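Colleague: Based on these hints, arrange chain V on the given structure of chain Z.
Residue strings, one per chain:
Number of protein chains: 2
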Amino acid sequence: MNSDLSHAYAVIMAGGGGTRLWPLSRREKPKQLLPLIGQETLFQSTVKRLEGLFPPERILVVTVEEQAHEMKEQAPELPDENYLIEPAPRGTASVVGLAAMALRKRDPLATMAILPSDHFIRNVDLFHYLLKAAFDVADNDYLVTLGITPTMPSTAYGYIQQGAGVDGGYKYPVYTVKTFKEKPSEETARQLLRSGDHSWNSGMFIWRADAILAEIRKQMPGLMDALDQIGADWGTSKQLETLVKIWKDVKIETVDYGIMEKAEKVAVLPAGGLGWSDVGSWSSLFEVLLPDMSGNIATNAVSHLALETNNTLVYGGSDRLVVTIGVDDMVVVDTGDALLICKSDQSQKVKDVVEHLKKHRQEKYL
Amino acid sequence: MNSDLSHAYAVIMAGGGGTRLWPLSRREKPKQLLPLIGQETLFQSTVKRLEGLFPPERILVVTVEEQAHEMKEQAPELPDENYLIEPAPRGTASVVGLAAMALRKRDPLATMAILPSDHFIRNVDLFHYLLKAAFDVADNDYLVTLGITPTMPSTAYGYIQQGAGVDGGYKYPVYTVKTFKEKPSEETARQLLRSGDHSWNSGMFIWRADAILAEIRKQMPGLMDALDQIGADWGTSKQLETLVKIWKDVKIETVDYGIMEKAEKVAVLPAGGLGWSDVGSWSSLFEVLLPDMSGNIATNAVSHLALETNNTLVYGGSDRLVVTIGVDDMVVVDTGDALLICKSDQSQKVKDVVEHLKKHRQEKYL
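For the protein sequence lines, the chains are Z and V, in the order given.
Numbered according to the working numbering, the first sequence spans residues 1 to 366.
Numbered according to the working numbering, the second sequence spans residues 1 to 366.
Looking at chain Z on its own, in the form it has when it is part of the complex (with noise of 0.2 Å):
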């Protein structure tokens, strides 16, 4: 492997909002701004991950207005000028053509790596490995990306399933994507896990800006011609004016089923041992973090003390002394205003909650 990452950028996107994580994950503070794994905040710990393998000076953000401020407090070292300030949001496909654009805009040979802000990946050495292999396949004009290789038969995540084998003189393994699939029921969760050729889709993804803009053309005309428009006034005094004019009618559609599903020249690396998580919620916390002898994990330096208790996460977001007695298999998130006690298996029903105080109008738990 002999990459050559001079032109490679990676983009974070960081404007998501999202309720599995409530009560801690709130409004005003999304779950990527939160320290929800160690000191640093998910946001934090995405951008020191691509240290040494992009300069600061090639890691943009795609964010909103009102997440900015802070993200710029979180992560000081990323220059002012390289937060892309999305209007509104307008799904992940608008994002990807945008940043492709302004990538374009400033290096016509501009490769980019697309990185959600919000994931967890213990195996930091890997993520480079992985990151500059998926970098050589792009340069040949293939959209990439990297699958996550299935440990149980997760409900939570879409599959990318492989096809035939990419021969390109690849150090690692690299495959065709024969389809996209959405969250599955869980009997075809196991099917797709003992299938062997299913990779969970990390949402992360690498190709040249040219290639991806290539393919919105194809595919999504009408969000080329915005970008375009957009484009057309990107670096003048009307930069803003116009891409908020004409942001606002963008069609909102995800890169997975706008852009990829139905692109030809698709290819997927499969990384198992990355220790990759979505802490898409409370419970995914148990894969990450290093629980004691008795299963139990004490976040945030809380003062837990523990009675017959097993397998239980207590998140401690207040200074308070919690004492579990006769407790198993259960999540204990203890905020300012709210308490969260909530049996593992069913912390997806945390956005039911969030659903339920929206309905009620208790705007100040949200």
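Bear in mind the hints are in silico, worked out from the structure with no lab data behind them.
All of these numbers come straight from a predicted model, not from anything done at the bench.
Treat the hints with care, as some may be off.
The list treats identical chains as one, so a pair stands whether inside a single copy or across any two.
Said to hold, decoys possible - Straight-line C-alpha distance at most 20 Å; calculated SDA-like pairs for lysine to any residue:
1. K29 - L321
2. K343 - I297
3. K359 - E308
4. K343 - A306
5. K358 - L240
6. K343 - D329
7. K343 - N296
8. K343 - E308
9. K343 - L307
10. K349 - D328
11. K343 - N310
12. K29 - K251
13. K343 - S294
Modeller: Just chain V now, kept in the frame of chain Z:
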């Protein structure tokens, strides 16, 4: 029944500490001073329960200095001089003796009901009826105790085995007492329940002041000597000085084992349907509070959002929102500086927590 209650006094025993309702009950805020059930504290309910049976001037409270001030605030209707301050806790036998001595000084014909300050009784009419019946029996020099007809094989209470019926023309069934039994094992408790002739020891006693003092003289001559010395200065300027001096050498003993076990003329009135509880653990609140259709109880007007939650008690001391998902048979106690989450059937282990906190000198939580 033609009870003459003009010489009848109630003596509320209110000096106890106790750790089984931590983290709500603390050193400075023992159980009887807490509003565990509804708006009133258990002490206030105990006083109120006597309305219509005893005028305030015939209700005495025996307590310790640290609690007296708060009690006077909670029950301002009781005359100041009706608070007997124990210089230090010396067990129920000594308290009973002190109260009997003081009452006999006040009224040589005094009869007295000894009543714990921290129990719950749902059926107040029946309670009045039983007390009147008990005073009738006590008038004939019996040491009377109210037994509680068991509703389950509890290991948390002592038991009283009844003997032959007492034929005195009483309207309510009265039995001699065969034995007092300590808290049994679970297997023994089941046998006692099946036997049909065992009651729970409620700690409620009714007798003539004269009669109990005679029994103390017979069985605890040391205590009686002390009471005689205290009595000699009672009502004089040396009352407090003498009490403090003598009290410190009084042997700690309970009324059950120090007096009742070996007394000859002991009677029990077994009471069913009283809706009695000693509120001796968090799980006991399930017996005295009314759960919703899922068996959940949200006390203290706590804001509780319950999803897939059953038979769970949430006691909110703060004004936070408490959300439970997939939680069964649990007790949640949410106070300012400590949070307890405890499987209902293990709530007796709360005292182990308090032991642990003492051992590790975490004074602020005690």
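Colleague: Each hint needs a verdict: does it hold in this structure or not?
Modeller: Here is how each hint holds up against the structure:
{"no.": "1", "hint": "K29 - L321", "result": "between (24 Å within a copy, 18 Å between copies)"}
{"no.": "2", "hint": "K343 - I297", "result": "both (14 Å within a copy, 19 Å between copies)"}
{"no.": "3", "hint": "K359 - E308", "result": "between (38 Å within a copy, 19 Å between copies)"}
{"no.": "4", "hint": "K343 - A306", "result": "both (16 Å within a copy, 12 Å between copies)"}
{"no.": "5", "hint": "K358 - L240", "result": "neither (32 Å within a copy, 63 Å between copies)"}
{"no.": "6", "hint": "K343 - D329", "result": "both (6 Å within a copy, 12 Å between copies)"}
{"no.": "7", "hint": "K343 - N296", "result": "both (13 Å within a copy, 16 Å between copies)"}
{"no.": "8", "hint": "K343 - E308", "result": "both (16 Å within a copy, 10 Å between copies)"}
{"no.": "9", "hint": "K343 - L307", "result": "both (17 Å within a copy, 11 Å between copies)"}
{"no.": "10", "hint": "K349 - D328", "result": "both (18 Å within a copy, 16 Å between copies)"}
{"no.": "11", "hint": "K343 - N310", "result": "both (12 Å within a copy, 12 Å between copies)"}
{"no.": "12", "hint": "K29 - K251", "result": "neither (26 Å within a copy, 62 Å between copies)"}
{"no.": "13", "hint": "K343 - S294", "result": "both (16 Å within a copy, 17 Å between copies)"}
Hints 5, 12 from the list above are not met by this structure, while the remaining hints are.
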